[in-house]
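Asker: Each chain, written out:
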Amino acid sequence: MSAFVEIRGVDKNYGFAKVLHGVDLDVARSSVTCIIGPSGSGKTTLLRCINQLELLDKGYVRVDGCYIGYKLRGGKLHQLSGREAARERADIGMVFQRFNLFPHKTVLDNIIEAPVLVRGVSKAEARERAHRLLDRVNLRDKADAYPSQLSGGQQQRVAIARALAMEPKLMLFDEPTSALDPELVGDVLDVMRDLAATGMTMIVVTHEMGFAREVADHLVFMSDGVIVEQGHPREVLAAPKQDRTRAFLSKVL
Amino acid sequence: MAMPSVDAVHTTPPSGAERTASPAEKVPPLAHRVRPARVLAVIAVGLGAAMLVHALVTNPNFQWSVVGQYLTTNTIVVGVLTTLELTVLSMAIGIALGVVLGVMSQSANALVSGAGWLYVWFFRGTPLLVQIIFWYNLASLYPKVSVGIPFGPSFVHGATNSMITPFAAAVLSLGLNEGAYMAEIVRGGLLGVDRGQAEAAHSLGLTRFQAMRRIILPQAMRLIVPPTGNQTISMLKSTALVSVISMTELLHAVQQIYATTYQTIPLLIVASLWYLAVTSVLSVGQYFLERKLGRGNRSHASGRGGLVRQIIRALRVRPDSPEVSAS
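As you go down the protein sequences, you meet chains A and B in turn.
In terms of numbering that gives the first Met the number 0, the numbers along the first sequence are unbroken and rise by one, the last being 252.
In terms of numbering that gives the first Met the number 0, the numbers along the second sequence are unbroken and rise by one, the last being 326.
Calculated from the structure, these hints are not laboratory results.
Here a beta-carbon is modelled for each residue, glycine too, at the ideal position from N, C-alpha and C.
Incorrect hints may have been included.
Each computed DSS-like pair below joins lysine-lysine, with the alpha-carbon atoms no more than 30 Å apart [to be verified]: (1) A:K57 to A:K122; (2) A:K141 to A:K168; (3) A:K141 to B:K236; (4) B:K291 to A:K122; (5) A:K17 to A:K104; (6) A:K141 to A:K17; (7) B:K291 to A:K104; (8) A:K75 to A:K250; (9) A:K75 to A:K168.
Covered by chain A, per the in silico footprint, the following chain B stretches (three or more residues, Cβ under 8 Å) [what the hints assert, rightly or not]: (10) 61-70; (11) 144-155; (12) 238-248.
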């Protein structure tokens with residue numbers, strides 16, 4: 000049986016710059032995969048390719064057996080229409096480094112927007128679920144606040160609740176704590192830890208080595224657009240096999 | 000909190016006890032500073048205002064009684080209503096066209112964005128007065144117009160002159176011209192919304208159209224409304240231009256009267272008073288609309304003070320309002 004997320008031979012170029020170079024990666028269902036690496040190593044781009052925020056130049060990504068952004072017809076991969084692509088994205092949650100909450104909507108409206116608009120859930124039901132999600136991220140009293148009235152840590156937890164409201168089968172985190180003040184990082188990581196415990200499949204681009212060591216089932220080290228090393232986090236962090244991994248870890252640990 | 004005096008910081012060694020000023024030390028009161036330039040400015044402004052009022056009151060050529068007499072006559076009021084009608088219709092066309100063209104300019108398709116750019120280039124690059132006269136004389140270019148399937152059957156057809164009345168020519172020229180300016184304003188507003196907003200919307204499964212309508216345009220509105228208010232005020236005054244094609248709006252109405260009575264100045268004052276009254280009302284409306292759109296944005300938090308003070312604030316020219324339409 001193939002992996003839940005299957006990435007094969009992925010290339011991505013920006014003009015002449017090769018950002019991803021033949022990336023292969025498997026992610027098991029209900030596992031947490033952390034991707035680490037120096038800035039410009041392509042880890043964020045890889046994450047964005049899984050959600051079609053970037054289009055691939057070569058290779059493919061499959062999630063739960065479905066080609067992402069394409070469908071197989073007559074032995075060829077055909078690009079999906081905008082509507083079909085949007086449907087695929089709806090099943091994959093994404094949390095951004097800069098939160099990207101909708102500033103003109105309250106916390107509650109941020110969370111119910113997509114379920115109502117995309118899934119056709121009734122407003123009453125969406126609200127009820129939103130309150131349950133806010134409970135889960137410890138922000139039950141912030142439903143009527145606007146994002147600008149929240150701290151970065153609170154905003155990021157709302158962003159996680161917003162993504163979960165779509166009941167995704169996969170969650171992508173793009174450096175979720177990098178824009179936060181140090182004392183707010185813990186709250187966000189706690190929520191992610193709880194989420195991992197529920198069996199959610201998660202791919203996390205992060206600089207939080209402690210989180211990676213503790214929560215991740217699989218650790219991937221990327222550099223210069225390729226996966227240099229991967230394995231169980233304790234093995235990779237304690238006994239890296241590659242020089243580049245050693246050099247990077249000596250700087251961040 | 001007691002602040003140490005500047006001297007104490009520099010002359011005493013940094014031992015905690017000596018840093019704080021002793022309670023016995025007297026705090027000198029702040030002296031009021033006389034500002035000679037400001038006093039002069041007040042005198043100059045006061046003098047200027049007095050001279051202006053004096054001139055307005057004592058010069059009989061202003062003929063204030065004539066102004067009062069014509070201010071609410073039927074012809075003038077009909078002219079004002081026509082001006083308002085032209086403004087509303089032209090702005091409606093302009094805004095609708097501007098949103099379409101503004102969104103087109105963001106298209107990844109070069110042909111679509113190029114078409115939008117070409118439109119703006121043409122309609123912004125030729126004088127409005129020329130466009131007004133052009134539409135008015137459309138019949139000499141196309142004596143007949145018909146509406147139907149391109150190169151196919153037509154459903155409606157008739158003589159251009161019967162369709163392009165002065166009113167139609169006025170609305171068409173003002174609206175199409177406005178569309179070019181509004182397109183630039185909408186484009187600026189769309190560019191002002193963080194790219195992450197569209198990405199967040201897409202990642203939640205919204206289509207491009209849904210993301211534009213629900214997430215991006217509402218946020219762009221905060222940047223689009225202030226310059227649109229300026230455009231509306233500008234449009235109100237631009238409608239005076241269509242007096243050249245015998246469209247009886249406010250200016251043409253007063254022109255018709257002073258052509259027979261020769262009371263040119265008082266009647267121009269009548270028109271000016273009406274223009275000022277309407278632009279004042281529009282400014283107030285714009286202020287409250289902007290406040291409503293400022294939701295969720297701290298820097299636009301609701302202003303303090305009663306209604307009157309808020310209206311006064313609305314009428315003041317705000318130097319910080321973004322001028323996207325420039326260039």
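Asker: Holds or violated: K291 of chain B with K122 of chain A, Cα cutoff 30 Å?
Answerer: holds (24 Å)
Asker: Taking 8 Å as the Cβ threshold, is the statement that the stretch 61-70 of chain B is covered by chain A upheld or broken by the three-residue rule?
Answerer: n = 0 at 8 Å, threshold three: violated.
Asker: Are the Cα atoms of K141 of chain A and K236 of chain B separated by 30 Å or less?
Answerer: Distance ~47 Å between K141 of chain A and K236 of chain B Cα, so the pair is violated.
Asker: Go check the stretch 144-155 of chain B versus chain A for me, would you? Three or more residues, Cβ under 8 Å, otherwise it fails.
Answerer: violated (count 0)
Asker: For the pair supplied as a hint, K291 of chain B and K104 of chain A, is the alpha-carbon distance within the 30 Å limit?
Answerer: Cα-Cα ~13 Å, so holds.
Asker: How does the stretch 238-248 of chain B fare against chain A when you require at least three residues with a CB closer than 8 Å, holds or violated?
Answerer: It is violated: at least three residues are needed, and the stretch 238-248 of chain B offers just 0 whose Cβ sits closer than 8 Å to chain A.
Asker: Mind checking the alpha carbons of K75 of chain A and K250 of chain A for me, to see if they're no more than 30 Å apart?
Answerer: Given pair K75 of chain A, K250 of chain A is violated - Cα atoms ~45 Å apart, limit 30 Å.
Asker: Given the hinted pair K17 of chain A and K104 of chain A, is their Cα-Cα distance within 30 Å?
Answerer: Violated. K17 of chain A to K104 of chain A sits at ~38 Å, over the 30 Å cutoff.
Asker: Under the criterion that the straight-line Cα-Cα distance not exceed 30 Å, is the pair K141 of chain A, K168 of chain A satisfied?
Answerer: holds (26 Å)
Asker: Would the pair K141 of chain A and K17 of chain A pass a check requiring their Cα atoms to be no farther apart than 30 Å?
Answerer: violated (43 Å)
Asker: Holds or violated: K57 of chain A and K122 of chain A, Cα atoms, limit 30 Å.
Answerer: Given pair K57 of chain A, K122 of chain A is violated - Cα atoms ~41 Å apart, limit 30 Å.
Asker: Below or equal to 30 Å on CA atoms is what counts here, so check K75 of chain A against K168 of chain A.
Answerer: holds (26 Å)
Of the numbered hints stated above, those contradicted by the structure are hints 1, 3, 5, 6, 8, 10, 11, 12, listed in ascending order.
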